[in-house]
Structures are given as structure tokens and as C-alpha cells.
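Student: Sequence:
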Amino acid sequence: MTNIGIDTREDRMKDVRARSEENYNPMIVDPSTVPDEKRVKQLGDSGMTMDRRYPFQHQNSIMKIVDWRQKIMETLCLDKQIGKLLKYSTPDALDRPDLTEDESYDLINQNIFSYRYIPQTVETQKAFISLGISGFIPQESWRQFSQQFTMGYIWFYILNDISIMNTDYGDRRDLLLMRVYDLFQDSDDYGMGHIKEGNLTELFDQNNKFGGYVLQMKVIDLMR
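Each residue of the sequence shown is one higher than the one before, starting from 1 at the first, in UniProt numbering.
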């Protein structure tokens, strides 16, 4: 059987560089932060600006949403198991060949979306993962620690056509959920500390033509 455990990889998205408070020119972009043309097009088509630096004075979680969303999408599309479960609709999806890098990025805006995606009428049976980032509110009870904290959520909407639910290794939606959870639970790439599961609910759409889950991950960050 295919090993669907953790597939460790270096984070391919560069960390947000510290912005200078003085002599900042927003028109100057460090060439080392410029992604390749394919990444710019495919991630940019989803409405996100790649690796661009803005002269904002705040650095809290709300100001990091663009970077977080980019990092999450790239983590999803480059994962081997997620890639095969999204691309191949057959029961032997996990036994099929690994995706090439180009095939992995092609999943963006086809199977992986930066916003909550509700599938309309589709000609082929597919599986989808879409994102949401919301619900950030101040944690007033923590004021005694002399810093303000905020808590919010990253949402993963996992849906697949009921007709391709079954695979040789279990329900496709379950396998996708397990992999997403394994990639992001306890991650220290978002906010302060580690993100944790907040809630999990089933999700059905279009008169039960699509089934899956909504996974909510809790993020804590400083208000700065």
C-alpha cells in the first residue's frame, strides 16, 4: 500500500522580509524574491499579489493574510498525496505516478482555490480544496500580559464528487482531510506558536452531489 504519511519538504515560499521604516521604496523589489513566471501567473490568477512588499506600519495577522494564503496554497499543491487525490479520479489514485512540478501548479484554480469555492455544473468528476481566513478578534482577557492578542481561523473546505468518493485506500474525502490535517496541525508558520484544530464538520453541496468536510484551524497572533 502507498505510504500516505507525512511528506516533509522545505517551505518553498520565502519568509516575509523585514520592512524598513525609513527610506522604503515600494517600487523596488528584491530580485531574489521574484518567483518564476509560471508561479506568478497561476498564483496571481487567483487574485493574489506575489511577494510584493508594501509600506504598511502594522505587522499583525491581518497584514499577513496574503502571505499565509500563498504559503497554504503552495503547500497543498506540492504535496504528493493531495496532488494525486485531486488529479486522478480513479480508485487507484494513490498508486498513480507522482505529479510533475508543472502538473502540481496546474491544480491551482482547477482543484485548489484561494477562496471558498462552490462547484457549479462540471463535466468531469473532481475533488476540490478551497480556503478561507476569517474571524480574527482581540482576546481581551489576555490584556494582563501587557500585549494584545488576536485569534482567528483558517478554513479548509474539502469537497469531492460523490461518484469518485471511493478509492482503494478509503474515502477520498477522508484521505484528503487526513493529509490536510497532518500538514497544518501544530505548524508554526502561521501566527504565534502552533496552529491547532478548532472544529470539524461534514459538508455536502448540490443536493448531496458533492461531499466532504470543513476543517477549522485556530490561529493566535499578536496585535501589532
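Rather than coming from a laboratory, the hints here were simulated on the basis of the structure. Since this is a predicted model, take the numbers as computed values, not measurements. Heads up, a few of these hints could be off.
Ranges between beta-carbon positions, derived for each pair [to be verified]: (1) L200 <-> N109: 36 to 44 Å; (2) K209 <-> Y181: 22 to 30 Å; (3) I137 <-> D98: 40 to 48 Å; (4) M63 <-> N166: 41 to 49 Å; (5) Q185 <-> S134: 25 to 33 Å.
Ideal Cβ placement from N, Cα and C applies to all residues, glycine included.
Student: Would you list, in rising numerical order, the hints stated earlier that this structure does not obey?
Tutor: 1 and 5
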